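Line order of the protein sequences matches chains A and B. When you read off a place in the first sequence, starting at 1, and then add 2, the result is the number in the numbering used here. When you read off a place in the second sequence, starting at 1, and then add 2, the result is the number in the numbering used here.
Please keep in mind that the hints were generated in silico from the structure rather than gathered at the bench. Quick caveat, the model's predicted, so the values are computed rather than measured. Every residue gets a Cβ at the ideal spot worked out from N, C-alpha and C, and that includes glycine. All clues stand as given, with none of them false.
PhoX-like, lysine-lysine: derived pairs with alpha carbons at most 25 angstroms apart: (1) Lys82/A with Lys18/A; (2) Lys82/A with Lys82/B; (3) Lys18/B with Lys82/A; (4) Lys82/A with Lys19/B; (5) Lys82/B with Lys18/A; (6) Lys82/B with Lys149/A; (7) Lys149/A with Lys149/B; (8) Lys82/B with Lys19/A; (9) Lys149/B with Lys82/A.
Residues from chain B shown here face chain A by an in silico Cβ test under 8 angstroms; the list is partial: (10) Thr123; (11) Met155; (12) Arg160; (13) Ile223; (14) Ile226; (15) Gln228; (16) Glu230; (17) Leu232; (18) Ala239.
Number of protein chains: 2
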Amino acid sequence: MLSKSQIRTITSLQHKKFRKEHGLFAVEGTKSVTEFIHSNYIVQHIFYTSQAAAKLDKIPQNIKSEEISEQDLKRISSLKTPQGVLALVRIPTIPPLTNDSLLNSFHLVLDDVQDPGNLGTIIRTAEWFGFKSIVCSLGSVDAYNPKVVQASMGSLARMQVQYMDLLALIINIPVPVFGAVLDGAPIYETDFGPEGLVILGNEGNGISTALLAHIQHPITIPRIGQAESLNVAVSAALFCAELARRQSV
Amino acid sequence: MLSKSQIRTITSLQHKKFRKEHGLFAVEGTKSVTEFIHSNYIVQHIFYTSQAAAKLDKIPQNIKSEEISEQDLKRISSLKTPQGVLALVRIPTIPPLTNDSLLNSFHLVLDDVQDPGNLGTIIRTAEWFGFKSIVCSLGSVDAYNPKVVQASMGSLARMQVQYMDLLALIINIPVPVFGAVLDGAPIYETDFGPEGLVILGNEGNGISTALLAHIQHPITIPRIGQAESLNVAVSAALFCAELARRQSV
Numbered sequence: 003m004l005s006k007s008q009i010r011t012i013t014s015l016q017h018k019k020f021r022k023e024h025g026l027f028a029v030e031g032t033k034s035v036t037e038f039i040h041s042n043y044i045v046q047h048i049f050y051t052s053q054a055a056a057k058l059d060k061i062p063q064n065i066k067s068e069e070i071s072e073q074d075l076k077r078i079s080s081l082k083t084p085q086g087v088l089a090l091v092r093i094p095t096i097p098p099l100t101n102d103s104l105l106n107s108f109h110l111v112l113d114d115v116q117d118p119g120n121l122g123t124i125i126r127t128a129e130w131f132g133f134k135s136i137v138c139s140l141g142s143v144d145a146y147n148p149k150v151v152q153a154s155m156g157s158l159a160r161m162q163v164q165y166m167d168l169l170a171l172i173i174n175i176p177v178p179v180f181g182a183v184l185d186g187a188p189i190y191e192t193d194f195g196p197e198g199l200v201i202l203g204n205e206g207n208g209i210s211t212a213l214l215a216h217i218q219h220p221i222t223i224p225r226i227g228q229a230e231s232l233n234v235a236v237s238a239a240l241f242c243a244e245l246a247r248r249q250s251v
Numbered sequence: 003m004l005s006k007s008q009i010r011t012i013t014s015l016q017h018k019k020f021r022k023e024h025g026l027f028a029v030e031g032t033k034s035v036t037e038f039i040h041s042n043y044i045v046q047h048i049f050y051t052s053q054a055a056a057k058l059d060k061i062p063q064n065i066k067s068e069e070i071s072e073q074d075l076k077r078i079s080s081l082k083t084p085q086g087v088l089a090l091v092r093i094p095t096i097p098p099l100t101n102d103s104l105l106n107s108f109h110l111v112l113d114d115v116q117d118p119g120n121l122g123t124i125i126r127t128a129e130w131f132g133f134k135s136i137v138c139s140l141g142s143v144d145a146y147n148p149k150v151v152q153a154s155m156g157s158l159a160r161m162q163v164q165y166m167d168l169l170a171l172i173i174n175i176p177v178p179v180f181g182a183v184l185d186g187a188p189i190y191e192t193d194f195g196p197e198g199l200v201i202l203g204n205e206g207n208g209i210s211t212a213l214l215a216h217i218q219h220p221i222t223i224p225r226i227g228q229a230e231s232l233n234v235a236v237s238a239a240l241f242c243a244e245l246a247r248r249q250s251v
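With the rest of the complex left out, here is chain A (with noise of 0.2 angstroms):
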């Protein structure tokens, strides 16, 4: 059974505050839990139900494990229907972007975007297509945040996810910058070259105007009907899948 302290300090895993003051965030599911624990993220505690226990993998030696009650459970859970298994994982120290690592790939980076679904779903999407990590505004939504973990359906286990001055980035950068804009040259038309980031902007207001005078190259997705604008982890699915196609042609 688990103490109330317990239960107090994940619960307080559901606020980023104290996920940076303890290190850890919660991923729950077998299936998310299980790609963490075959990940390069330190998993370090692992609670489950005795019905999850069947479905779960064996659980490594090294990581603590638990059986806890259904009860238990729900009462550390961020989600409405508990799915059996929640494990504690360490917030991992992403090495910074170094000039070389940009070269020859292409990043996605992410001004300020709120969504945690729209997060998570980006983190699913460019992991399918092959993407390694995402650079995000300092203001984004936290990776850690539990509905991006759920969003990301595993994804973000094998995803580096770094958070930094997107001005700084992108001022004297060695790659060309591209970014999605309502007003842009044609995403077909366009040679992205081997290497660049491509800048997704904020669900209201697009990308911020200090960052805008920096985009070298504007890129549309063409429109034909008359929505004013597309979701943002659309947005960034179709540059990351013609960046892919391209790369496989």
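Given the structure of chain A, go ahead and fit chain B onto it with the hints provided.
Structure of chain B alone, referenced to chain A:
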């Protein structure tokens, strides 16, 4: 001031049963309400706060409209942060798909998509790419669900969403049937021709087995990373974009 009975009726529209009973659904927010006013939908009643009045276009005289207090808006809104205006809109009668209407165009077909955010995003994205109608299985989430209306960002005003028995639809259909699956032919190497249905499946289970048997062209979005699947709204976007790209080149 709104009566208790008005409040009860309007909030009841958050449930499909009562939307069907009253033949009405609610649309919130200045932008969405404006798009419905200028659409083929019949807007029956608009409730707005004094603050929102300035942001609203002139309301046509044939639409009942009424200024209400912020407090009353809070009582009838489905949103945590109400957007100043709520309209009651008639659920339209959509003419059934005929074989003729299927020729020379593409239609998205959704097999039991459950998440309202996903359906709303699919409506928004499909409309961006020029699609005029979407076909849903009878078990799919209702297009007039407030979260669908919200996520469609006004695009529902220009989209016909139709519910029908998909098996009955695709048997003996005069156009090719494409389906989004995990082990089909690569989308970029597929000749879609000038017309067809593109079926996307349920979030957890994909396309139902009964339908799968009738899909002549199983299609896959090529994967580079290890993500197990793509979000259905992301898959739909990639299919819409690819079909739009083919027609423009």
